[in-house]
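2 protein chains.
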Amino acid sequence: MNDRMFSFIGGTEGPWRVERVMAVKGDTLAKPARVKIASGLIPDATDNTWTLRGVTSNQRYTTQEENKKLVSVQEGLNRPEATCAALIPIRKNAAWWAMSQDQRRDILEKHSKHIEIGLRYLPAIARKLHHSRDLGEPFDFITWFEFAPTHTHEFDELLHALRASEEWNYIDREVDIRLVRGVA
Amino acid sequence: MNDRMFSFIGGTEGPWRVERVMAVKGDTLAKPARVKIASGLIPDATDNTWTLRGVTSNQRYTTQEENKKLVSVQEGLNRPEATCAALIPIRKNAAWWAMSQDQRRDILEKHSKHIEIGLRYLPAIARKLHHSRDLGEPFDFITWFEFAPTHTHEFDELLHALRASEEWNYIDREVDIRLVRGVA
Chain A
0 MNDRMFSFIG GTEGPWRVER VMAVKGDTLA KPARVKIASG LIPDATDNTW TLRGVTSNQR
60 YTTQEENKKL VSVQEGLNRP EATCAALIPI RKNAAWWAMS QDQRRDILEK HSKHIEIGLR
120 YLPAIARKLH HSRDLGEPFD FITWFEFAPT HTHEFDELLH ALRASEEWNY IDREVDIRLV
180 RGVA
Chain B
0 MNDRMFSFIG GTEGPWRVER VMAVKGDTLA KPARVKIASG LIPDATDNTW TLRGVTSNQR
60 YTTQEENKKL VSVQEGLNRP EATCAALIPI RKNAAWWAMS QDQRRDILEK HSKHIEIGLR
120 YLPAIARKLH HSRDLGEPFD FITWFEFAPT HTHEFDELLH ALRASEEWNY IDREVDIRLV
180 RGVA
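Top line first, the protein sequences correspond to chains A and B.
Residue 0 is where the first sequence starts when you use numbering that gives the first Met the number 0, and the numbers rise one by one after that.
Residue 0 is where the second sequence starts when you use numbering that gives the first Met the number 0, and the numbers rise one by one after that.
Derived from the structure by calculation, the hints contain no laboratory data.
Among the hints, a few may not be true.
Said to hold, decoys possible - Residues on chain A that point at chain B, a partial pick, calculated with CB under 7 Å:
1. D101
2. S131
3. D133
4. V179
Unchecked claim - The calculated DMTMM-like cross-link candidates involving lysine to aspartate or glutamate, where the alpha carbons are at most 20 Å apart (straight line), are:
5. A:K112 - A:E153
6. A:K67 - B:D43
7. B:K68 - A:D101
8. A:K112 - A:E165
9. B:K112 - B:E165
10. B:K109 - A:E64
11. B:K112 - B:E65
12. A:K30 - A:D43
13. A:K109 - A:E65
14. A:K67 - A:E18
15. B:K127 - B:D101
16. A:K67 - B:D46
17. A:K109 - B:E64
18. B:K35 - B:D2
19. B:K35 - B:D46
20. A:K109 - B:D101
21. A:K112 - B:D101
22. A:K127 - A:E108
23. B:K109 - B:E65
24. A:K68 - B:D101
25. B:K35 - B:E64
26. A:K24 - A:E165
27. B:K109 - A:D101
28. B:K35 - B:E18
29. B:K67 - A:D105
30. B:K112 - A:E65
31. B:K112 - B:E166
32. B:K67 - A:E64
33. A:K109 - A:E64
As the list claims (entries may be wrong) - Partial pick of chain A residues on the chain B-facing surface, computed with a CB cut under 8 Å:
34. T11
35. T48
36. Q58
37. T61
38. T62
39. W96
40. H110
Beta carbons: idealized from backbone N, C-alpha and C, even for Gly.
When you get a sec, could you build the whole thing from the sequences and use the hints?
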């Protein structure tokens, strides 16, 4: 175990109420009432709808230059005004993973502007990426986003831009889960 | 779980007899009599000396050009003549993991020629890299090497060249375990 491991537990408990679960590509996930985020890799439990596990890790594509820009503008999670969240698990296909590092970087940034597009929506949209593929999970990545209700439109724009990119041709499963904090 | 996960179990069983365990940097590991390689992430068991776990994954640094060269000359594990093996777990320090992708690539290949050095010893030395860091293991990587007894000197040369490189300044723990196959 390490302190970079997290589990997203969909069930009846937790500070985040699930508003909507939408399959963007491939199979959907069932809609739980609430989601809680726990430290560590928590095993599946029959009284939960699902549990998604991931680990934050070193950067895989970002250059030093890009990272400087990101760090200078991004904000962290848990801002009081950021009462909206999205939990977006995705899986990339075998063709993606078979490519070499430079091929994947070219598609991700040179052709798809993944990092540049994300930068446009900082600091409004805070995000945290979790890696799941090497843990043997059904998804490859789980991204958790937080934003204020007034930025929902910008967040949808961000997703629209990414989903229209070349990189998204390599995505074979994506579920878009929207949540609201602290609503009874 | 996925079929890319492996456990190296040091104990009293397995086809590989341990000849020597040497701490290159940081704490050593105890010397077991034998090592067996199992599929999956096997939990520690009190009757084993240690268990090291890792997962093979997508390439992190190799370019398409480099990969073509590697694929054209490298050979696989389990060659009948390759009765010598080395199991080398390493851990890199926090400074390494905090760097961006381009900084790590520059150190690994531009300054340290990690891929180029490895290429010089193909096909004699077969290797398989397992990632352990994101599994919460004590080491970051476990590399398993196989070679014929006549290539032991070349293998030692390869390690010497890598350990003299700038990249190795970022390694804070390394254990070099040598094994021989099928010896009673």
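Hints, verified against the model:
{"no.": "1", "hint": "D101", "in the structure": "holds, 4 Å"}
{"no.": "2", "hint": "S131", "in the structure": "violated, 10 Å"}
{"no.": "3", "hint": "D133", "in the structure": "holds, 5 Å"}
{"no.": "4", "hint": "V179", "in the structure": "violated, 31 Å"}
{"no.": "5", "hint": "A:K112 - A:E153", "in the structure": "holds, 17 Å"}
{"no.": "6", "hint": "A:K67 - B:D43", "in the structure": "violated, 41 Å"}
{"no.": "7", "hint": "B:K68 - A:D101", "in the structure": "holds, 15 Å"}
{"no.": "8", "hint": "A:K112 - A:E165", "in the structure": "holds, 9 Å"}
{"no.": "9", "hint": "B:K112 - B:E165", "in the structure": "holds, 9 Å"}
{"no.": "10", "hint": "B:K109 - A:E64", "in the structure": "holds, 18 Å"}
{"no.": "11", "hint": "B:K112 - B:E65", "in the structure": "holds, 11 Å"}
{"no.": "12", "hint": "A:K30 - A:D43", "in the structure": "holds, 16 Å"}
{"no.": "13", "hint": "A:K109 - A:E65", "in the structure": "holds, 13 Å"}
{"no.": "14", "hint": "A:K67 - A:E18", "in the structure": "violated, 35 Å"}
{"no.": "15", "hint": "B:K127 - B:D101", "in the structure": "violated, 24 Å"}
{"no.": "16", "hint": "A:K67 - B:D46", "in the structure": "violated, 49 Å"}
{"no.": "17", "hint": "A:K109 - B:E64", "in the structure": "holds, 18 Å"}
{"no.": "18", "hint": "B:K35 - B:D2", "in the structure": "holds, 17 Å"}
{"no.": "19", "hint": "B:K35 - B:D46", "in the structure": "holds, 13 Å"}
{"no.": "20", "hint": "A:K109 - B:D101", "in the structure": "holds, 15 Å"}
{"no.": "21", "hint": "A:K112 - B:D101", "in the structure": "holds, 17 Å"}
{"no.": "22", "hint": "A:K127 - A:E108", "in the structure": "holds, 18 Å"}
{"no.": "23", "hint": "B:K109 - B:E65", "in the structure": "holds, 13 Å"}
{"no.": "24", "hint": "A:K68 - B:D101", "in the structure": "holds, 15 Å"}
{"no.": "25", "hint": "B:K35 - B:E64", "in the structure": "violated, 35 Å"}
{"no.": "26", "hint": "A:K24 - A:E165", "in the structure": "holds, 15 Å"}
{"no.": "27", "hint": "B:K109 - A:D101", "in the structure": "holds, 15 Å"}
{"no.": "28", "hint": "B:K35 - B:E18", "in the structure": "holds, 14 Å"}
{"no.": "29", "hint": "B:K67 - A:D105", "in the structure": "holds, 18 Å"}
{"no.": "30", "hint": "B:K112 - A:E65", "in the structure": "violated, 25 Å"}
{"no.": "31", "hint": "B:K112 - B:E166", "in the structure": "holds, 9 Å"}
{"no.": "32", "hint": "B:K67 - A:E64", "in the structure": "violated, 29 Å"}
{"no.": "33", "hint": "A:K109 - A:E64", "in the structure": "holds, 15 Å"}
{"no.": "34", "hint": "T11", "in the structure": "violated, 27 Å"}
{"no.": "35", "hint": "T48", "in the structure": "violated, 21 Å"}
{"no.": "36", "hint": "Q58", "in the structure": "holds, 6 Å"}
{"no.": "37", "hint": "T61", "in the structure": "holds, 5 Å"}
{"no.": "38", "hint": "T62", "in the structure": "holds, 4 Å"}
{"no.": "39", "hint": "W96", "in the structure": "holds, 5 Å"}
{"no.": "40", "hint": "H110", "in the structure": "violated, 15 Å"}
Checked against the numbered hints listed earlier, the structure breaks hints 2, 4, 6, 14, 15, 16, 25, 30, 32, 34, 35 and 40; every other hint is satisfied.
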